[in-house]
Amino acid sequence: MNYVLAGMNHRTAPIGVREKFTQTAQVDRHMLKKALSLEAVREATVLSTCNRVEVYCVCEHPHQVTDVVNEVFEKSTAGDGVNVRDFLYVKTGDEAVKHLFRVAASLDALVVGENQIVGQVKDAFESARGEQALGQHLNRLFHKALYVAKRIKTETEIGRGTVSVGSAAVMLTRKIFDTLKDRDVLLVGAGEMGETVARSLSDGEEGRVHIVNRTADKALALEQSGLGTTRLWQDLPCLMTTADIVITALSESVPELHQESFKTIMHQRKNRTLFIIDLGVPRNVPPSVAILDNVYLYNVDDLKNIVEEGKWERDQHRVTAQNIIDEEVRLFYETSPETGAMPAIASLAQKIEDVRQSEVKRTLSRLKGLSDEDIQAIDKMTQAIVGQILKDPILTLKGKGAQVEKGFLSVFKQLFRLDDEG
Amino acid sequence: MQTAFVSVLIFYLIATVFYVLRVIVGRPLFSAIGFRVILVGAVLQLAVLATHWYGIQAVLFVTYLDAFQISALLLVVVFITLCFTQKFYGSGLFFVTLIDVFCILSLTLQNPYSITSTLPGFGFLYFHLASIFLSLSVFSLGLVTALMYLMLEYQLKSKKLIGLAAKFPSLAALEEIHHKALSFGFILFSGAILTGAGYSKIRTHHYIDEDPKQILSVLSWLFFAVILNFRVRRGWLGHKAVILSLMGFVGLFFLFFIGIK
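Chains D and H, in that order, give the protein sequences. Going by our numbering, the first sequence opens with residue 3, and the numbers climb by one from there. Going by our numbering, the second sequence opens with residue 94, and the numbers climb by one from there.
Hints are computed from structural coordinates only; laboratory data are not their basis. Treat the hints with care, since some could be wrong.
[What the hints assert, rightly or not] Some, not all, of what chain D presents toward chain H, calculated at C-beta under 8 Å:
#1 Asp88
#2 Phe89
#3 Arg176
#4 Lys177
#5 Leu182
#6 Asp184
#7 Asp186
#8 Ala292
#9 Asn296
#10 Tyr300
#11 Phe418
[Said to hold, decoys possible] Straight-line distance between alpha carbons at most 30 Å, and here's what the computed DSBU-like set of lysine-lysine pairs gives:
#12 D:Lys313 x D:Lys100
#13 D:Lys183 x H:Lys180
#14 D:Lys313 x H:Lys273
#15 D:Lys272 x H:Lys294
#16 D:Lys183 x H:Lys306
#17 H:Lys253 x D:Lys265
#18 D:Lys152 x H:Lys260
#19 H:Lys260 x D:Lys124
#20 D:Lys272 x H:Lys306
#21 D:Lys306 x H:Lys253
#22 D:Lys370 x D:Lys353
#23 D:Lys155 x H:Lys253
#24 D:Lys36 x H:Lys180
#25 D:Lys155 x H:Lys306
#26 D:Lys306 x H:Lys273
#27 H:Lys180 x H:Lys306
#28 D:Lys272 x H:Lys273
#29 D:Lys146 x H:Lys273
Here a beta-carbon is modelled for each residue, glycine too, at the ideal position from N, C-alpha and C.
Can you make the complete structure from the sequences, with help from the hints?
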């Protein structure tokens, strides 16, 4: 039996193509049924998320993959003469197994380490089980994939780390204030980077961001884009006493942002925590402000450093996670009922049974006048003899389990000429 | 029964080893194992305490053994609750170390005299001891959160979020728990002082005398009262409040161990 995977994801297909396969439970079920309708397919599962649609099958022979792709991805054109199959990837055997492990562990996701995918893999598994599309192979594969995902989550911190200046600001805000909810953001200046960071921090909530700029036009443009509310420059000192997070993005320093001003502001705030993100170049807020109690000042370089550190850390975790996957794929095959000693045992049992049946038949043809009871007795006796003879070698092989040595297995097969069969 | 309490301690010591490994090796797997060992230890401790209480058929808190064991168990329960509600990752080593200390004290300290319910003013004495040990537990939580706050604050100020502190809950969450521990511990401590004064009145006919322990207790109470009051009135939040309360905790623990001696 072979694992076969056919699918497309955010790396191989643009959103226009992926949209054509936007999945609902009904569509998934339809795809699943189509896959199962193929004679070659024994088991199947459809895994669909907003970034991928993948069909996992178990087929007897790898060359049957083409049938799966043809049948399941029937919408073979994406318009403008573009063939859907150009965006498909097909993997078989351990490559397919490895791919599912990577997907479940969120190594193949758009945002590496996000947690949603584990739930989606579980849903795909449950849905296929509900449709009775699972057999022992996919059952085992998906259980293993979920186990690998859990192991990687426990043993690495793949989901942690920051990927942009905006997410670094969000991470710091969470570290200081616990949550972004109900936090007032004051954006001083209307530059592009300030806007990006303010949008990250506003978390989509309305009325949370106040925008102050010396020229009203730019601030109004930001207000119209739905970022927040424009306030007058004269209100700046007052707004600083109420805001939790101040983002400064001016092209030059202003008196309102000097250290003495901050001392007064902190006094007026009754020392409530203030997080300042200084994105201005040159810096808008003097570094000495950072020594004030309950003030946390970060400039653009500090945020970039956090992003760089996060990148390095993520890479380390990714390497560890990939090593775990490689190890688990190896174990998956080593402990498979179809590898190791099991096929040899089955072949031997079959060969001996064939011999027994043919010898019984030959003997019975020579013995005339036997009653049905006599024939049954002879049959049972030969079965018992065969069973007794096979008992010890089978127990020895089973006892060695997955750790059976290749050399030992080879001798065993040669001894009984098992490789010559079928 | 002593052996059963020793086995509880062994569980907590094993958990400590895992939390130490978490810090040294840096793999979250160790703290996950440590946490599970603590869970098992807590269940065992509860069972042992219940058996102990059933065996002695007397009130708890009147020997060092059961008073420290209850304080340790309370701290374990608080830690487990915080892990589930506040994602108190990275704090295990702090808690488990204190729990170990409480368990070791419970097994090593000898009671100077036995307390029975026939003693004059036993009611006052009993509530005095219970309030002291419960406040010790709650103030320990305050001590742990204060230390965590200062470590995280230092890293945020120096812009290097690394190691254990990077996994701590937020400053706001730590400050809130610290403040709650301080407030609740203060209430218990007030109860301890009042019941202690009541007991003193029965024994010596004075609410307070020249015993340095009593004077230091009242001074500590005043110190915490000032911190709590100024937090509201003068905005003694964050760093300043944490440093002051830390000084208070250290003084209080010193006082507590003078009391034991």
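*Hints violated by the structure (numbers, ascending)*: Per hint list: 1, 2, 5, 6, 7, 11, 14, 15, 16, 20, 24, 25, 26, 27, 29 violated.
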